[in-house]
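The residues making up each chain are set out below.
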Amino acid sequence: MIWNPQRECADRQQMQEMQGSALQAMVRRIYNHVPFYRNRLLAQGIEPGEITSIEQLRLLPFTTKADLRDNYPFGLFTIPQSEVVRIHASSGTTGKPTVVGYSRSDIELWAEVVARSLTMAGIHSGDTIQIAYGYGPFTGGLGLHYGAERIGATVIPISTGNTKKQLQFMTDFRASVLACTPSYAAHLGESILKEGISPDAIHLRTGIFGAEPWSGEMRCQIEKLLQIKAYDIYGLSEVIGPGVSMECECQCGNHIFEDHFIPEIIDPETLEVLPDGELGELVFTTVSKEAMPLLRYRTRDLTRLHRGKCDCGRTLVRMEKCLGRTDDMLIIRGVNVFPSQVESVLMEMAETTPHYQLIVRRENNLDTLEIRVEIDQQNWSDSIRELEGIRRRIDHNIRSLLGISATIRLVEPYSIARSEGKAQRIIDERHSNL
Amino acid sequence: MLIKQLSVFLEDRSGRLTELTRILAENDVNITALTVAETADYGMVRMVVGRPERAKNALENAGFTVGLTEVACVKMPDQPGSLHQILQILTAEQINVDYMYAFSNSNVALAVIRASDISRLIGVLQQHRLKLLSGNDLYQL
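Sequence lines, in order, name chains A and B.
Residue numbers for the first sequence, in the numbering used here: 498 to 931.
Residue numbers for the second sequence, in the numbering used here: 137 to 277.
With the rest of the complex left out, here is chain A (with noise of 0.2 Å):
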């Protein structure tokens, strides 16, 4: 079934008309109400009038991360703050947290958005969701519980951690999607067999993992833990949080809602838009959200679109699965690295866990990768012939896909800190030693 068929089904004509008069309306907005705006468009000698059309939006200046912590925190609102109805906050690991805020209509977008996005997973009204997503100033739970009400399904707002709660709500209610981060969803999984919990006892259908970025091979270990088809969903807080994009059955990347979200390929050093299909950082424009839109985010998501045809029938282009983001991005003795790489190794393996920590070090004004992986414990040998072969396996695997030796440390199970909410998959010591 399609949520909203007007919208996602609509052709390339269609779509960009409305693109392009959302994106008129919406510069005049930040024009009239956010100086930050007025000053960089009048800086590129931009008067909003200007912008008629969809082809006109590579002319105009793009926001970055560093631009929101500058504005900190409500410099970017375009409504007075009587008019927003909920702020919500992402986790900054690093100085101020990033602030975005909703209007009453965006709050109704963002419900509109994840109930395409849940419809496009098969999940309707009938369906229970176990939102194993935080609860909070994080995007995860609310982004996801108000999308699940607006199609009708039955919410257990459960939020993250507890997972023996987690396990006994999933089984006395009878959930038949859960709603979690990829790294969480892996941990429920091992904890059903762990306690032993029939397979019957379980009645999941429907996984949607986001939050993190997660492999292919990732989705399959989850898919078989969990006996489900899981979905990827995508979002940032300063987008509008979960429901940016989306699988649908098909799995051939995620279909973004670009009616509300336009999203641009770009090249992270030159900014120079690429043509489709080619690798680079994905930048949103959200032309329909009124208490904080962005013009021109930069995601330092790395990525590829496709615009082709989707056998599901939807129009809306396509996103692959984001290859990491360039935070994540490692750069080790001049060699680009990025964890989802590391986990695709590991996820090739049987005897190995998708549960990993990255630890970047310089010895001798060298560059040192440690991996750390834990071993299975459903599944470990007291051979140490064995695990050191494990460990020679992975290390060659690593070698020959990354160009750069790493030292390979096996570990205990669990002995890498799971996350509730996300998985600190790097530890880059080299900074602090300076």
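I should point out that these hints are in silico values taken from the structure, not numbers from a laboratory.
Do not take every clue at face value.
Claimed, not checked - Incomplete in silico selection of chain A near chain B, CB under 10 Å:
(1) 846
(2) 872
(3) 878
(4) 885
(5) 910
Said to hold, decoys possible - Chain A residues, not near chain B, derived (Cβ > 12 Å throughout):
(6) 551
(7) 906
(8) 909
(9) 912
Claimed, not checked - Derived pair list, reagent style BS3-like, types lysine-lysine, alpha-carbon separation capped at 30 Å:
(10) A:691 to B:140
(11) A:818 to A:806
(12) A:691 to A:662
(13) A:691 to A:721
(14) A:662 to B:192
(15) A:721 to B:211
(16) B:267 to B:211
(17) A:818 to A:562
(18) A:691 to B:211
(19) A:726 to A:661
(20) A:691 to A:661
(21) A:806 to A:726
(22) B:211 to B:140
(23) B:267 to A:661
(24) B:267 to B:140
A virtual CB, placed ideally from N, CA and C, is assigned to each residue, including glycine.
Let chain A serve as the given structure and place chain B on it in line with the hints.
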């Protein structure tokens, strides 16, 4: 004649082995034999204990990674050549020893042996009329 050996994967972290012995002590588990093998990054503790199932549960509840591995324990006279005689038999029968630990005490020597095909190992030892100890024999030493 199969003996259930407790195998514990230990990360190289200070105090980890003491934590292990504390849990066994608190659960009233007696250790008959123990060996620690180490690599650069981790250690493997292998031990024969009284009540191996109880020990396994207690350790797992405390977050250890524990397995039960089947091993054989062969008894021989405490004199030069005893072990050699046994290994000659195993070589002739093409049985590879994965690992082994041995000790002797009051004229008796004991060797705990692990091979991938453990039932064949036991069959061969019995065929050659070598004295094998059961779990209970060992725990009562």
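Hints, verified against the model:
The restraint placing residue 846 (chain A) at the interface with chain B is violated, with a minimum CB-CB distance near 17 Å, outside the 10 Å limit. Hint on residue 872 (chain A) holds. Least Cβ distance to chain B is approximately 6 Å, under the 10 Å limit. For residue 878 (chain A), the suggested interface contact is upheld, since its CB lies about 8 Å from the closest CB of chain B, less than 10 Å. At its closest, the beta carbon of residue 885 (chain A) sits 7 Å from a beta carbon of chain B; the interface hint therefore holds under the 10 Å criterion.
With its C-beta approaching chain B no nearer than about 6 Å, residue 910 (chain A) sits inside the 10 Å limit, and its interface hint holds. No Cβ of chain B approaches the Cβ of residue 551 (chain A) within 12 Å, the least distance being about 56 Å, so the stated non-interface status holds. For residue 906 (chain A), the condition that its CB be more than 12 Å from all CB atoms of chain B is violated, with the nearest at approximately 5 Å. A beta-carbon of chain B is positioned within 12 Å of the beta-carbon of residue 909 (chain A); the least distance is around 5 Å.
With a closest Cβ-Cβ approach of about 6 Å to chain B, residue 912 (chain A) is found to fall inside the 12 Å limit, against its non-interface label. The hinted pair formed by residue 691 (chain A) and residue 140 (chain B) meets the criterion: a straight-line CA distance of about 22 Å does not exceed 30 Å. Our distance criterion of 30 Å between C-alpha atoms is met by residue 818 (chain A) and residue 806 (chain A), whose separation comes to about 18 Å. The suggested pairing of residue 691 (chain A) with residue 662 (chain A) holds, with an alpha-carbon distance near 15 Å, which does not exceed 30 Å.
Proximity of residue 691 (chain A) to residue 721 (chain A) is assessed by CA-CA distance (about 15 Å); at most 30 Å being required, the pair is judged to hold. The suggested pairing of residue 662 (chain A) with residue 192 (chain B) holds, with an alpha-carbon distance near 26 Å, which does not exceed 30 Å. Note on residue 721 (chain A) and residue 211 (chain B): the hinted pairing is violated, with a Cα-Cα distance of about 47 Å set against a maximum of 30 Å. Proposed proximity of residue 267 (chain B) and residue 211 (chain B) is supported: the alpha carbons are some 5 Å apart, at most 30 Å.
Taking the CA atoms of residue 818 (chain A) and residue 562 (chain A), the gap is near 21 Å; set against the 30 Å cutoff, the hint holds. For the suggested pair residue 691 (chain A) and residue 211 (chain B), the alpha carbons sit about 38 Å apart, so the restraint of at most 30 Å is broken. Under the criterion of a C-alpha separation no larger than 30 Å, the hint pairing residue 726 (chain A) with residue 661 (chain A) is consistent with the structure, at around 23 Å. Restraint check for residue 691 (chain A) and residue 661 (chain A): the C-alpha separation of about 11 Å stays at or below 30 Å, so the hint holds.
For the suggested pair residue 806 (chain A) and residue 726 (chain A), the alpha carbons sit about 23 Å apart, so the restraint of at most 30 Å is met. Between residue 211 (chain B) and residue 140 (chain B) the CA atoms are separated by roughly 17 Å; this keeps the pair inside 30 Å, and the hint holds. Proposed proximity of residue 267 (chain B) and residue 661 (chain A) is contradicted: the alpha carbons are some 49 Å apart, above 30 Å. Among the hinted pairs, residue 267 (chain B) with residue 140 (chain B) is consistent with the structure: their alpha-carbon atoms are about 18 Å apart, no more than 30 Å.
The structure does not agree with the numbered hints 1, 7, 8, 9, 15, 18, 23 stated previously, though it agrees with the rest.
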